[in-house]
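Going down the list, the protein sequences come from chains A and B.
For the first sequence, position 3 matches number 3 in my numbering, and the numbering has no gaps at all.
For the second sequence, position 356 matches number 356 in my numbering, and the numbering has no gaps at all.
For the record, the hints were derived by calculation from the structure and aren't laboratory data.
Keep in mind that a hint or two might mislead.
Stated by the list, open to error - Part of the chain A face toward chain B, derived, beta carbon under 8 Å:
hint, residue
1, Val11
2, Asn25
3, Arg26
4, Val28
5, Leu33
6, Ala44
7, Pro45
8, Phe46
9, Lys53
10, Tyr58
11, Ile61
Every residue gets a Cβ at the ideal spot worked out from N, C-alpha and C, and that includes glycine.
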Amino acid sequence: MTLIDLSPGEVGTISNIKGNRHLQNRLVELGLLSGTDVRLVKCAPFNGPVEIKVRNSYLSIRWDDAQLVELK
Amino acid sequence: MTQDSDWVALVGNPNCGKTAIFNLLTGLNQKVSNYPGITVEKKEGTVYAQGDKAFNLLDLPGTYSLSAESFDEQIVSDQVLSWAKGENPPAVIVSVVDASNLSRNLYLTTQLLDLDIPMIVVLNMMDQLKDSSQIEIQKLKKELGVSAVVPISAKMNWGLDALKSAIQKSLVNLAQTNHQSQWISQDISDQIKLLIEPHFSSSKFAAAHALRRISRNESLNGEDYHIEAIRNSILELGYNTDTLEATLRYKWIDGILPFVQPKIRTKIQKETRSERWDKILTHPLMGPAIFVAILYFIFQSIFTWASTPMDWIQAGIDNISIFVLSNMSPGMLRNILVEGIIGGVGAIVIFLPQILILSFFLTVLEDTGYMARVAFMLDKSMTKMGLHGKSILPLMSAYACAIPGIMSTRTIDSWKERLVTILILPLMSCSARLPVYTLLISAFIPPITVGGYFNLQGLTLVVMYFLGTVTALMLAKIFSRFIKEKSSSSFVMELPPYRVPITRSVIRQVFIRGKLFLVNAGKIIMAISILLWFLASFPKVDSSLTDVNPIHHSYAGKIGHAMEPVIRPLGFDWKIGIGLLTSFAAREVMVSTMATIYNVEDRGDETVNLREAMRNDVDEKTGVPVYTPLIALALMVFYVFAAQCMATFAIVRQETNSWKWPLFMIAYLTILAYTGAFIVYRGGLLLGYS
Chain A
1 MTLIDLSPGE VGTISNIKGN RHLQNRLVEL GLLSGTDVRL VKCAPFNGPV EIKVRNSYLS
61 IRWDDAQLVE LK
Chain B
1 MTQDSDWVAL VGNPNCGKTA IFNLLTGLNQ KVSNYPGITV EKKEGTVYAQ GDKAFNLLDL
61 PGTYSLSAES FDEQIVSDQV LSWAKGENPP AVIVSVVDAS NLSRNLYLTT QLLDLDIPMI
121 VVLNMMDQLK DSSQIEIQKL KKELGVSAVV PISAKMNWGL DALKSAIQKS LVNLAQTNHQ
181 SQWISQDISD QIKLLIEPHF SSSKFAAAHA LRRISRNESL NGEDYHIEAI RNSILELGYN
241 TDTLEATLRY KWIDGILPFV QPKIRTKIQK ETRSERWDKI LTHPLMGPAI FVAILYFIFQ
301 SIFTWASTPM DWIQAGIDNI SIFVLSNMSP GMLRNILVEG IIGGVGAIVI FLPQILILSF
361 FLTVLEDTGY MARVAFMLDK SMTKMGLHGK SILPLMSAYA CAIPGIMSTR TIDSWKERLV
421 TILILPLMSC SARLPVYTLL ISAFIPPITV GGYFNLQGLT LVVMYFLGTV TALMLAKIFS
481 RFIKEKSSSS FVMELPPYRV PITRSVIRQV FIRGKLFLVN AGKIIMAISI LLWFLASFPK
541 VDSSLTDVNP IHHSYAGKIG HAMEPVIRPL GFDWKIGIGL LTSFAAREVM VSTMATIYNV
601 EDRGDETVNL REAMRNDVDE KTGVPVYTPL IALALMVFYV FAAQCMATFA IVRQETNSWK
661 WPLFMIAYLT ILAYTGAFIV YRGGLLLGYS
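Using the sequences and the hints, build the whole thing.
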């Protein structure tokens with residue numbers, strides 16, 4: 001299960017982040033560690049970016065990148 | 001910083017209110033480094049505190065971490081790296097932290113703690129907390145081991161004096177630092193001993209730097225063996241080497257937070273007010289509609305609100321020249337003053353109101369957090385055109401001026417999308433083109449209503465903006481096919497909560513923009529106006545001997561006539577030729593050039609009304625009007641496309657670090673401008689217009 005499998009408003013817990021080193025590092029630096037809770041806020045239409053809430057901040061991540069964030 | 005005296009660095013995450021704090025601390029005592037020929041945009045200021053010595057403050061770009069992703073962040077990490085090597089480090093670091101989001105904001109703070117430079121942590125946005133006792137200040141100070149933790153609210157304007165005196169205090173007694181952040185675990189620090197570089201003044205920073213090298217798999221000369229081996233043994237310990245530094249730091253931060261803010265438990269489920277706003281503002285249908293409405297409102301107000309102050313400025317300029325004329329004895333000095341300087345500079349100062357209004361709106365949209373939402377909404381369509389969601393701010397800023405637009409592309413983390421944005425930016429009609437459009441439209445386009453609703457003058461202006469923007473987007477798509485990506489693109493962006501902008505900060509921001517415009521543009525224009533006056537006035541010909549206006553025999557006249565064969569096919573005469581030439585310094589110089597030429601030509605005592613002068617200008621032999629609406633239209637189209645602003649290309653050279661891209665831009669823009677004007681003029685003639 002990944003971030004995009006959540007429906008808006010749903011909360012999940014991060015288990016792992018795939019993808020290249022840049023993306024992994026950036027997401028972890030912004031607080032998306034394994035074990036951190038994340039809520040899907042909304043999706044932009046036509047597979048545009050998704051908005052998530054993590055550690056009291058809102059982040060926008062591209063659809064393709066969101067698929068690489070695996071949840072427990 | 002130019003001098004090596006004690007100075008203070010201001011650092012923090014994007015959206016933590018750092019710029020507002022900088023503006024509030026320094027007031028108007030700040031300077032943004034000049035555009036041409038700089039290496040890094042630096043915002044410096046001097047802080048004066050009552051009774052104490054003033055100190056210098058440097059505002060660094062907002063960044064989340066020292067392992068750089070975007071160009072903007074690279075600036076900060078390069079600076080910090082040089083401090084770590086002992087190259088002119090600040091005496092004190094002020095780390096600004098958003099109090100409502102401690103865990104993520106402390107990440108950068110712990111990276112800076114490694115430097116062992118005295119640090120003050122500023123807890124900004126204390127007003128956002130339900131109760132200011134939610135964060136235990138003394139515990140935080142103790143856990144981090146910093147010189148001071150100062151709670152403030154830039155918005156409510158409290159705590160700034162306490163911050164000033166805390167900085168003063170730590171500048172006076174620069175004690176040994178006692179930073180506590182033990183984020184690196186023993187097993188890791190055992191592994192990386194071989195990678196510690198001796199030239200860093202702090203061992204903790206050296207360790208962090210080693211970890212960054214491991215994660216980048218970046219070896220120093222011939223040390224590949226070490227890096228590979230150490231990577232492998234760290235992997236065997238069960239760590240992910242790609243995210244090692246971040247994981248360890250967050251573990252440490254998450255460990256101290258329960259002591260620092262025992263009462264706060266982040267409930268990410270709770271829907272905030274910003275989210276409720278977003279239901280409308282980023283709604284799939286309503287969102288874009290609202291954005292278009294806002295754009296329309298901004299452009300409308302630039303023209304309606306600015307007209308009254310522009311009239312005042314015009315009246316002021318007229319009064320000044322009348323004053324000079326009636327108080328100075330006739331002579332060359334008076335001529336330079338009235339025809340050259342007052343005429344030329346005055347023609348530019350008049351556009352100040354429009355620039356102030358546009359910067360005001362852009363600052364407000366940015367400070368409220370709305371621009372980030374626009375980037376979120378438009379990212380998908382922008383990517384389709386070869387751009388990036390974050391391109392929207394540069395594109396909109398470029399309506400004011402391409403230079404801040406190009407600089408703001410630094411936040412785009414993909415090199416390719418950043419380059420494409422830079423390449424098309426000069427096509428967005430900047431405010432320097434506005435004087436040219438306004439002059440030509442008011443002189444040659446009749447103020448009639450067409451289609452029942454639209455004023456033809458306003459419509460013409462909209463068409464010019466539209467032409468530039470649409471061409472820009474089409475070219476973006478084409479360019480992106482031919483440019484190779486250097487690194488993979490990502491789009492991770494923070495959507496800060498909606499905030500009411502801080503009035504004083506916005507006003508100062510707008511004021512500084514205006515000052516920059518006047519000083520930078522003013523200097524160039526003053527110099528060119530004087531030079532041009534000489535070129536247009538000399539060599540002197542005895543006007544009683546010839547019936548042709550002596551300006552034809554002047555140096556300027558000769559240059560213009562020499563250019564005529566090239567620009568004649570576009571309908572332009574020698575006067576416009578001179579204008580095109582001087583426009584290369586800055587586009588708005590076109591207007592002052594024409595003003596100077598007509599003033600010299602007029603040989604009368606008063607400053608001429610440029611609009612009237614152009615409209616009434618007839619060929620001395622045939623009596624046919626020199627300029628027609630069609631020529632005016634062709635000239636405007638030329639200005640939509642032409643590569644004319646030296647400063648733009650200087651900045652592109654600097655930002656892309658090569659001459660290849662600015663030269664490419666000059667080439668493609670020139671071809672576009674000539675072709676565009678040619679089609680309009682020749683096509684118009686064929687259709688029977690004149």
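Hint by hint, here is what the structure shows:
1. Val11: holds, 6 Å
2. Asn25: holds, 5 Å
3. Arg26: Status holds, d = 5 Å.
4. Val28: Valine 28 (chain A) check passes; min Cβ-Cβ to chain B is 4 Å, inside 8 Å.
5. Leu33: Cβ of leucine 33 (chain A) sits 5 Å from chain B, so the hint holds.
6. Ala44: At 6 Å from the nearest chain B Cβ, alanine 44 (chain A) passes the 8 Å test, so the hint holds.
7. Pro45: Holds. Min distance 5 Å.
8. Phe46: holds, 6 Å
9. Lys53: holds, 5 Å
10. Tyr58: holds, 4 Å
11. Ile61: Hint on isoleucine 61 (chain A): holds, closest Cβ of chain B at ~6 Å, below 8 Å.
The structure is consistent with each of the numbered hints, conforming to all of them.
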